[in-house]
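Asker: Here's the letter readout for the chains.
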Amino acid sequence: MKYTYTEKKDTRSGFGAGLAELADTNPNVVALCADLIGSLKMEKFIEKAPERFFQVGIAEANMMGMAAGLTINGKIPFAGTFANFATSRVYDQIRQSIAYSGKNVKIAASHAGLTLGEDGATHQVLEDIGMMKMLPGMTVINPCDYNQTKAATLAAAKHEGPVYLRFGRPVVPVFIPEDMPFEIGKGILLQEGTDVTIVATGHLVWESLLAAEALEKEGISCEIINIHTIKPLDEEIILKSVEKTGKIVTAEEHNYLGGLGESVAGMLARRRPTPQEFVAVHDTFGESGTPAELMKKYKIDSDAVIEAVKTIINKTK
Amino acid sequence: MSKNIEELKSLSTQIRRDIVRMVHAVNSGHPGGSLGCVEYFTALYGKVMNYNLPFTMEGKNEDLFFLSNGHISPVFYSTLARFDFFPVAELATFRKLDSRLQGHPTTHEGLPGIRVASGSLGQGLSVALGAAQAKKLDGDKSIVYSLHGDGELQEGQIWEALMYGAAKKVDNIIATIDYNGRQIDGDTDDVLSLGDLHAKLEAFGWLVLEEKNGNDLEAVIAILEKAKSETGNGKPVAILLHTEMGQGIDYMMGSHAWHGKAPNDEQLASALQQLQLDEITDY
Chain A
55 MKYTYTEKKD
65 TRSGFGAGLA
75 ELADTNPNVV
85 ALCADLIGSL
95 KMEKFIEKAP
105 ERFFQVGIAE
115 ANMMGMAAGL
125 TINGKIPFAG
135 TFANFATSRV
145 YDQIRQSIAY
155 SGKNVKIAAS
165 HAGLTLGEDG
175 ATHQVLEDIG
185 MMKMLPGMTV
195 INPCDYNQTK
205 AATLAAAKHE
215 GPVYLRFGRP
225 VVPVFIPEDM
235 PFEIGKGILL
245 QEGTDVTIVA
255 TGHLVWESLL
265 AAEALEKEGI
275 SCEIINIHTI
285 KPLDEEIILK
295 SVEKTGKIVT
305 AEEHNYLGGL
315 GESVAGMLAR
325 RRPTPQEFVA
335 VHDTFGESGT
345 PAELMKKYKI
355 DSDAVIEAVK
365 TIINKTK
Chain B
-3 MSKNIEELKS
7 LSTQIRRDIV
17 RMVHAVNSGH
27 PGGSLGCVEY
37 FTALYGKVMN
47 YNLPFTMEGK
57 NEDLFFLSNG
67 HISPVFYSTL
77 ARFDFFPVAE
87 LATFRKLDSR
97 LQGHPTTHEG
107 LPGIRVASGS
117 LGQGLSVALG
127 AAQAKKLDGD
137 KSIVYSLHGD
147 GELQEGQIWE
157 ALMYGAAKKV
167 DNIIATIDYN
177 GRQIDGDTDD
187 VLSLGDLHAK
197 LEAFGWLVLE
207 EKNGNDLEAV
217 IAILEKAKSE
227 TGNGKPVAIL
237 LHTEMGQGID
247 YMMGSHAWHG
257 KAPNDEQLAS
267 ALQQLQLDEI
277 TDY
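These protein sequence lines map, in sequence, to chains A and B. Taking this note's numbering, the leading residue of the first sequence gets 55, the next gets one more, and so forth. Taking this note's numbering, the leading residue of the second sequence gets -3, the next gets one more, and so forth.
None of these hints come from the bench; they were simulated from the model. Hints are not guaranteed to be accurate.
[As the list claims (entries may be wrong)] DSS-like, lysine-lysine: derived pairs with alpha carbons at most 30 Å apart:
| # | chain 1 | residue 1 | chain 2 | residue 2 |
| --- | --- | --- | --- | --- |
| 1 | B | K132 | B | K92 |
| 2 | B | K92 | B | K257 |
| 3 | A | K98 | B | K165 |
| 4 | A | K63 | A | K298 |
| 5 | A | K351 | A | K369 |
| 6 | A | K294 | A | K240 |
| 7 | B | K132 | A | K102 |
| 8 | A | K187 | A | K212 |
| 9 | A | K98 | B | K132 |
| 10 | A | K212 | A | K301 |
| 11 | A | K271 | A | K187 |
| 12 | B | K164 | A | K98 |
| 13 | A | K364 | A | K350 |
| 14 | A | K364 | A | K353 |
| 15 | B | K257 | B | K222 |
| 16 | A | K102 | B | K164 |
| 17 | A | K102 | B | K137 |
| 18 | B | K132 | B | K196 |
| 19 | A | K351 | A | K294 |
| 20 | B | K137 | A | K212 |
| 21 | B | K56 | A | K212 |
| 22 | A | K285 | A | K56 |
| 23 | A | K102 | B | K257 |
| 24 | A | K301 | A | K285 |
| 25 | B | K92 | B | K165 |
| 26 | A | K102 | A | K212 |
| 27 | A | K294 | A | K98 |
| 28 | B | K231 | A | K212 |
| 29 | B | K56 | A | K102 |
| 30 | A | K102 | B | K165 |
| 31 | A | K285 | A | K187 |
| 32 | A | K187 | A | K301 |
| 33 | A | K98 | A | K56 |
| 34 | B | K92 | A | K187 |
[To be verified] Which residues of chain B face chain A? A few of them, derived with a C-beta cut under 7 Å, are:
| # | residue |
| --- | --- |
| 35 | H104 |
| 36 | A113 |
| 37 | K132 |
| 38 | E156 |
| 39 | D212 |
| 40 | I217 |
Note that CB positions come from ideal geometry on N, CA and C, so glycine has one too.
Could you put the whole structure together from the sequences, leaning on the hints where they help?
Answerer: Structure follows, in structure tokens:
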């Protein structure tokens, strides 16, 4: 396999590292947090720029409104909390005070999806991508490892307009090269193949690489595209790939309703109808467990990707 | 800007004419609270607030205003137009297709003077606090003003924001509550009583000023100036401004009925009869 790793890190630490770099490089960046500094890895930013940090307490609605107000005079607020509290809890605040108002706020959402693990379904948001992508003008990013999350954080600060930046809690392989360019809205062709296109986001990118390696041994060639930006979707990179393979598997740590798979399906229905399998959580809540146990049970691991690839190949024979 | 009190009183009547004409023209909108807040807006934009034209969203080294109870957009739009933020003639587009004057205010259409969208209640105090913190960070000594309905205080986010403002000593903000005691479904005391609001705001750590004559222009200017003198003392400032919903139109006053209802042709004629001026500059 072209990609390998020497260490595992959490994507939230990638966010923390990116934010800390912004403390030094961009005086306009300010940060807010709702009593989760340690979980969001914001300590270094606070250490470097204490006057630019706002602790709001356990009051996410107020945090989102304040972030909107803080944007005056060129400031770039990053508002951080768990993905569930950064979306469903404050959807109306984001909708009116940030998105509709066109405020340059970055919503930093950690502990997204099932892999937050033992805390269970109250905290495992699987609907956030859907909620955020439906807001006009909102950019939605779900990076796949530490390096990509750091790069996405830096890119979000440069981007003019509201951004939803989704990342996670567990340590996962760091396989994206540190110097790989990150461009919002541009997918990355990780691996070329001929039989089936796999489009993956977030933690499912590594799982897809593992799946492709196993499938290769069975003579199935997978093309893997990392879609880190779900909105705006890089339609061309997907279209180019399915022109060649004629079938597609989407993979994500999200409900299949509202997620990346749905965005891809909608785009292909308009531009090039293509048989598709969805590796995603199928319209259910999560539960307590370890990240690996949950990914297995809810069929969002490499085995699930392998199964989906075989299914789509059989269906299109 | 530099108008004398008599001119500002005449302008208040003109703004009331604008409000009833705007809501009548589209048979929708919120005249009650709008009419009640005319003196607040006239005082703010005519005397108290230090702002620059042309309008910029950056708002550097100027006072800022955030309207939280966005449904009283008619008084906001009329005030902005009468103070030269945009052409008065544009008031005729209120709530119509392709207008910058949406039912509830928004930055989305680029209307000068609007700093955030509002309409879904309870959000404006947080936004104003964020702007106030930004001012402090920039070393900008200007003041941030916000206006809220009293019924709006039933929203939980308001109390998150109140807590924050006091805890973090945001003392460059003056939040005014339009204390008219009425909301859509009836008197605020009946719908969901706010209890002893003065004591509650004080208990939340705010300096609370109260003005019983919120429709007396000179009294409103005085209380706003008093509030201004209290900024910078480590506490956020709130004003409980007692107003009358529907102020100036006899059949609208004394009831919640005109919160969100437009007058018909005869009622408009009656309202305009009650709002006579020497010089009328209807749009």
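Asker: Indicate, hint by hint, whether the structure satisfies it.
Answerer: Hint by hint, here is what the structure shows:
For a cut-off of 30 Å, the pair hint linking K132/B to K92/B is broken: about 39 Å separates their Cα positions. For the given pair, K92/B sits about 17 Å from K257/B by alpha-carbon distance, which is consistent with the 30 Å threshold. Using a Cα cut-off of 30 Å, the hinted pair K98/A and K165/B holds, with the two alpha carbons roughly 25 Å apart. For the hint pairing K63/A with K298/A, the CA-to-CA distance comes to about 35 Å; that exceeds 30 Å, so the pair is violated.
A C-alpha spacing of about 24 Å is found between K351/A and K369/A, which places the hinted pair at or below 30 Å, so the restraint holds. The hinted pair formed by K294/A and K240/A meets the criterion: a straight-line CA distance of about 13 Å does not exceed 30 Å. Only pairs whose Cα atoms come within 30 Å are accepted, and K132/B paired with K102/A is accepted, the gap being roughly 19 Å. Proposed proximity of K187/A and K212/A is supported: the alpha carbons are some 20 Å apart, at most 30 Å.
This hinted pair checks out: K98/A and K132/B have alpha carbons roughly 22 Å apart, not beyond 30 Å. Using a Cα cut-off of 30 Å, the hinted pair K212/A and K301/A is violated, with the two alpha carbons roughly 35 Å apart. With a CA separation close to 37 Å, the supplied pair K271/A and K187/A exceeds the 30 Å bound. Distance restraint check for K164/B and K98/A: the Cα-Cα separation of roughly 22 Å lies within the 30 Å cut-off, and the hinted pair is therefore satisfied.
A distance of roughly 17 Å separates the Cα atoms of K364/A and K350/A; the hinted pair therefore holds under the 30 Å criterion. At most 30 Å may separate the alpha-carbon atoms for a hinted pair to count; K364/A and K353/A meet this at roughly 14 Å. For the proposed pair K257/B and K222/B, the alpha carbon gap of about 35 Å is over 30 Å, so the pair is violated. With a C-alpha separation of about 20 Å, the suggested pair K102/A and K164/B falls inside the 30 Å cut-off, and the hint holds.
Taking the CA atoms of K102/A and K137/B, the gap is near 25 Å; set against the 30 Å cutoff, the hint holds. Between K132/B and K196/B the CA atoms are separated by roughly 26 Å; this keeps the pair inside 30 Å, and the hint holds. A distance of roughly 33 Å separates the Cα atoms of K351/A and K294/A; the hinted pair therefore is violated under the 30 Å criterion. With a C-alpha separation of about 28 Å, the suggested pair K137/B and K212/A falls inside the 30 Å cut-off, and the hint holds.
Between the alpha carbons of K56/B and K212/A the distance comes to roughly 22 Å, so the proposed pair stays at or under 30 Å and holds. Among the hinted pairs, K285/A with K56/A is consistent with the structure: their alpha-carbon atoms are about 27 Å apart, no more than 30 Å. Proximity of K102/A to K257/B is assessed by CA-CA distance (about 54 Å); at most 30 Å being required, the pair is judged violated. Under the criterion of a C-alpha separation no larger than 30 Å, the hint pairing K301/A with K285/A is consistent with the structure, at around 22 Å.
Our distance criterion of 30 Å between C-alpha atoms is broken by K92/B and K165/B, whose separation comes to about 42 Å. Of the supplied pair hints, the one linking K102/A and K212/A holds, its CA atoms being roughly 20 Å apart against a limit of 30 Å. Simply put, K294/A and K98/A have alpha-carbon atoms about 42 Å apart, too far for the 30 Å limit, and the pair is violated. Proximity of K231/B to K212/A is assessed by CA-CA distance (about 35 Å); at most 30 Å being required, the pair is judged violated.
For a cut-off of 30 Å, the pair hint linking K56/B to K102/A stands: about 25 Å separates their Cα positions. Taking the CA atoms of K102/A and K165/B, the gap is about 23 Å. The hint holds against a cut of 30 Å. For the hint linking K285/A to K187/A, the alpha-carbon distance of about 6 Å falls within 30 Å, and the restraint holds. Between K187/A and K301/A the CA atoms are separated by roughly 24 Å; this keeps the pair inside 30 Å, and the hint holds.
Between the alpha carbons of K98/A and K56/A the distance comes to roughly 33 Å, so the proposed pair goes past 30 Å and is violated. The hinted pair formed by K92/B and K187/A meets the criterion: a straight-line CA distance of about 28 Å does not exceed 30 Å. Hint status for H104/B relative to chain A: holds, with the closest Cβ pair at about 6 Å, below 7 Å. Given the 7 Å rule on beta carbons, the hint for A113/B holds: about 5 Å separates it from the nearest Cβ of chain A.
Evaluation of the K132/B hint against chain A yields a violated restraint, the C-beta minimum of about 9 Å exceeding 7 Å. For E156/B, the interface hint holds, the least distance from its beta-carbon to any beta-carbon of chain A being 4 Å, beneath 7 Å. A cut of 7 Å between beta carbons decides the hint on D212/B: the least distance to chain A is about 31 Å, and the hint is violated. Among the interface hints, the one on I217/B is violated; its C-beta lies about 26 Å from the nearest C-beta in chain A, farther than the 7 Å criterion.
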